[in-house]
Amino acid sequence: MKPSREQKVWMYEHMLTSRYFEECIEKIYMEGKSPAFNMAKGPIPGEMHLSNGQEPCAVGVCAHLKPEDIVTSTHRPHHVAIAKGVDLDRMTAEIFGKKSGLSGGRGGHMHIFDPAVNFSCSGIIAQGMGPAVGAALSRKLQGLEGVAVAYIGEGAANQGAFHETLNLAAVWKLPVIFVIEDNAWGISVSKQTSTAIERNDRRAAAYNMPGHYIPGNNPLSIFEVAGEAINRARLGEGPSLIEIETARLAGHFMGDAEGYRPEGEKEALFQRDPIPAMKQHLEEAESWSDAEEAALQSSTQARVDAAIRFARESAYPAPEEAMEKVFV
Amino acid sequence: MTVATIKKERKLTIARAMAEAIAQEMRTDERVFVMGEDVGPLGGVFGNTRGLFDEFGAERVRDTPISETAFMGAAVGAASDGMRPVVELMFVDFFGVCFDAIYNLMAKNTYFAGGEVQVPVVLMTSTGGGYSDAGQHSQCLHGTFAHLPGMKVVAPSNAYDAKGLMTAAIRDNNPVIFMFHKALQGMGWLGTEKDAIVHVPEESYEVPIGKAAVVREGSDLTIVGLTSGVHHGLKAARELEKQGVSAEVIDLRSLVPLDRETVIESVRKTGRLIVVDEDYQSYGVTGEIICSVVERNIPLKAAPQRVAFPDIPIPFTPPMEQWALPNADKIIAAFNQMENPS
Ligand SMILES: Cc1ncc(C[n+]2csc(CCOP(=O)(O)OP(=O)(O)O)c2C)c(N)n1
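Same order as they appear, the protein sequences are chains V and B.
Just so it is clear: in the first sequence, position 97 is 97 by my numbering, and no numbers are missing.
In short: position in the second sequence from 1, add 328, done, that's my numbering.
Simulated from the structure, these hints should not be mistaken for lab results.
Keep in mind that the hints are not guaranteed to be accurate.
[To be verified] Quick list of in silico lysine-lysine cross-link-like pairs, PhoX-like style, CA-CA up to 20 Å:
#, chain 1, residue 1, chain 2, residue 2
1, B, K336, B, K522
2, B, K539, B, K629
3, B, K522, V, K33
4, B, K522, V, K41
5, B, K563, B, K522
6, V, K99, V, K140
Given these sequences and hints, build the entire structure.
Quick look at the structure:
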């Protein structure tokens, strides 16, 4: 299944939105954090895991999803949230810890919940896999439409939860798709030194489900493979596992000196930045014009700028609101 | 602390002190090895294994996959087979993915084996918040670990104790949970409690597990705490001094075994008790300490008070988190409440 021009433009649009969003967050995160870098300071405190470079994983899969489909994501969630259609104003306000944020400032960047589009994420590795399987089970039991997609990093494929959920999803033939964003690193530990096999798609065989490996960090090939897996799930034929070769163009989190990377690796990754590559594809295959490019750049940036303005201008919650929402 | 006689100051952070203790034990005991996530070339996300990989190599300083169930269980098995693993759980909050190996194996195997099997694991893990890392990266969980029998639990407030407790923990024939608070770690990016950076002797020494320390003497009030709570207590004591109140501050240092005697002695003298804990308030350290005093029928001049984290998940946004965290002002307010109950 090849993407139409419209679908390609949708993917490119969300890649641009996500990248520009991260670039803005990166700048604002540093406000108040110099000369001494202290995570607690500035308008965006706490850990910050940027998704620069991983946009293809988000758009290639989410292009097939509808609001009722479920997505669980990780500690590195912004690109997926944006592609899933999470309310950008309220997500940004959440990252700033504002009252108008999706959870009123209680969750922050690793705990983004937007039930309107069935998106959630969390901070512990492989943690979203069980809930994705459960949501898929719920849809099956209720006879409702919808598939679940669990995003994880390649490091998470070595968690017990990975193996347990794959088996469970297969035994119960659930409409769930497991998507591994393989950026080759779990903080300072490489996939190579931590994972017994080169490619995690081979692990699908152990759980009797289709496994796909997608090289190249290319939204077009991700679109094709994900479309097949999602269709399969929608038809009641069960789960699939997809591993996507991608690239983390930022540090593990903001403040990471990345001394563990071999020399030249980072530069090589930037050479293969998926965004210029996608633009080039559009120009070559879809006669993408300069005017279209300029219009899309300005509309995506305007959208992000508006979200950031909304977040900045929103008020902080009252401290005592911390006591609310533990129970409903 | 025995710093009174020191001439030349050698100030270390808790992170450096922990790494030094581990290195010294590794030099003298071949059985000691380290494993965990990012403990190798990176030297630990919180710096407490820095330098170990360069000195001892990949065989004895092992980066693990993100597989806590596996390596925590492996620590138990290796320890029972004659090794002395020092294993890191990067954030205590991650205990959920490996607690079975911790509390059903590490903590109980010696007992199940009638004392015939030893499990000399040191499980080091970071605790604490205050820098907006939200509800899965900021907890203390002191009470959770201390509640379950079979594991010793230590939690230093300064580098001197950190080194001595680490040395004692590695030499101990039982599992020891070593909880280090991120804000005391001396990593600039987490903010740094300067009072945690103290003189640390170069030579190896032990701080006995199960002994609290009176870190400040006083006669009117006893403030009991651990890790960050000790520093809040000391700040409050300095403020109260200005009001003419003499506060004694006790650093528990160990939760298991718990040095109730030192607390009881102090409260017998002062008649007033405030317990400070960054862990959730209910079913935790604060209640345990107060109960230990009350059940011994120590004469009290006022009802004991506690300053702890409210029973809510730790919120992300600074206004909420800072409001919920213990601090010196809350200790002073608790004292005023004791004196003038509203
Ligand atoms: C159970 C658990 N162990 C360890 C961590 C600490 N940690 C956070 S991110 C990370 C690396 C994750 O690597 P990967 O899954 O490949 O995702 P990436 O960061 O590369 O996106 C680790 C070890 C955690 N959050 N949860």
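Against the structure, the hints:
1. K336(B) with K522(B): 18 Å, holds
2. K539(B) with K629(B): Violated, because 26 Å separates the two Cα atoms, which is more than 20 Å.
3. K522(B) with K33(V): Holds - the C-alpha atoms of K33(V) and K522(B) are around 19 Å apart, at most 20 Å.
4. K522(B) with K41(V): 18 Å, holds
5. K563(B) with K522(B): 12 Å, holds
6. K99(V) with K140(V): 36 Å, violated
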